[in-house]
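Number of protein chains: 2
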Amino acid sequence: MSDWPGDPIEQLVGLLARLPGLGRRSARRAALKMLMQPDRVMLPLAAALQAAAAAVQPCRICGNLDTRNPCGICRDPQRDRGLICVVEGVAELWALERAHAHRGLYHVLGGTLSALGGVGPEDLAVQPLLARIAGAGEAERVEEVILALPATVDGATTAHYLSDRLVGSGVRVTRLAQGVPMGGALDVLDEGTLAAALKARRDL
Amino acid sequence: MSDWPGDPIEQLVGLLARLPGLGRRSARRAALKMLMQPDRVMLPLAAALQAAAAAVQPCRICGNLDTRNPCGICRDPQRDRGLICVVEGVAELWALERAHAHRGLYHVLGGTLSALGGVGPEDLAVQPLLARIAGAGEAERVEEVILALPATVDGATTAHYLSDRLVGSGVRVTRLAQGVPMGGALDVLDEGTLAAALKARRDL
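Chains as they are written, first to last, in the UniProt record's numbering: chain A, 1 to 204; chain B, 1 to 204.
To be clear, the hints were calculated from the coordinates, so they are not data collected in a lab.
A portion of the hints provided could be inaccurate.
[Stated by the list, open to error] Stretch-level coverage of chain B by chain A, calculated; a stretch enters the list once three of its residues show a Cβ under 8 Å from a Cβ in chain A: (1) 7-18; (2) 25-37.
[Unchecked claim] In the EDC-like style, the derived pairs of lysine to aspartate or glutamate whose C-alpha atoms are separated by at most 20 Å in a straight line are: (3) B:Lys33 with A:Asp123; (4) B:Lys33 with B:Glu10; (5) B:Lys33 with A:Glu138; (6) A:Lys33 with B:Glu138; (7) B:Lys33 with A:Glu92; (8) A:Lys33 with B:Glu97; (9) B:Lys33 with A:Asp76; (10) A:Lys199 with A:Asp164.
Here a beta-carbon is modelled for each residue, glycine too, at the ideal position from N, C-alpha and C.
Just need the whole structure built from these sequences, with the hints factored in.
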């Protein structure tokens, strides 16, 4: 190992350590593993990074990241264009897609309102959402907006704000159900979730 | 997110997921973070990977990975050439270098002997080590070999094997001390370590 700055190994470790989930220690392990077999992982990864950086961009309609613009979801004729699911970020959009549970379109807000964090409506894609709903043609009229926002104070604030802004638009506004997660053991669940699950109980 | 194979995003996630310490979930998070700011992390990382793959190679003397061959440590005139520290892999070499505790040279074995894993002496850099000791000139005579091998059954087997092979070479063979790690709470330490630490106790 060499200690002078500009050393390719140290530079690689430094960049890997910036990725979420990798600390300096695991970045070093990852670099080492790659250095042992440069052709199998290292050069393909370099090529993949360049290809993705060149090809991927935010969708101008919904904010999803994709190689096409509008993105594959917005272009998909099978999707219900009357149903828009509002999410905080692209990570949440991808998670919902993996669940194969939503057959409509999406709208990426780019965050949630936060008084403490100084995030106001003008910092989020609120105006584009309203414009999208107002501007939809007769055939593509938006019937329902599903607010799939985090179950946090900021998420709830954002949901209330959006629901206020949508009053009078004729659009139905819904939010995700709260309750016990699949496979979740009751004794490790927080009280808030338990209370919400009990309150929203359903007949068998 | 798109599902067709050959999609740049999926390809990038797949390659990132092969790194140690990154599962598929964290690979996706890392890819997403990079895609949000391609110029700050993605393209520099691609360049660093290519630079390191092109520049880094195993040292022909000790087996360390470096941009120079022989490596920076083997070239360093300040290093004690009479002292060789034998390590399992480059990761261990780097860890010892970070500790700034060894002022001699290294020798990377490339593993440990393992009856179960089918690893014999011919699979490790044993012969190069013996040749290195036998071939050293008068001025660079090897005085001591420190076996810095893991405190496992395979590590101990390897240490015994090497120490046998070095009998009669006139070289002093030592191994790392075993005991309580710095800051280690006694109640969570395994019994083997505790017994070893007690046996190797020293006067204050």
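Checked hints:
Counting residues of the region 7-18 of chain B whose beta carbon lies closer than 8 Å to any beta carbon of chain A gives 8, which reaches the threshold of three, so the coverage claim holds. Given as covered by chain A, the region 25-37 of chain B passes the check, having 10 residues with a CB less than 8 Å from a CB of that chain where 3 are the minimum. At most 20 Å may separate the alpha-carbon atoms for a hinted pair to count; Lys33 of chain B and Asp123 of chain A meet this at roughly 19 Å. Annotation: proposed proximity of Lys33 of chain B to Glu10 of chain B holds, straight-line Cα distance about 14 Å (limit 20 Å).
For a cut-off of 20 Å, the pair hint linking Lys33 of chain B to Glu138 of chain A is broken: about 37 Å separates their Cα positions. Note on Lys33 of chain A and Glu138 of chain B: the hinted pairing is violated, with a Cα-Cα distance of about 37 Å set against a maximum of 20 Å. Distance hint between Lys33 of chain B and Glu92 of chain A is fulfilled; the C-alpha atoms sit about 13 Å from each other, no more than 20 Å. Simply put, Lys33 of chain A and Glu97 of chain B have alpha-carbon atoms about 18 Å apart, close enough for the 20 Å limit, and the pair holds.
Using a Cα cut-off of 20 Å, the hinted pair Lys33 of chain B and Asp76 of chain A is violated, with the two alpha carbons roughly 25 Å apart. Of the pairs offered as hints, the one joining Lys199 of chain A and Asp164 of chain A is violated, with about 24 Å between alpha carbons and a cut-off of 20 Å exceeded.
Hint compliance for this structure: hints 5, 6, 9, 10 are not met, and every other hint is.
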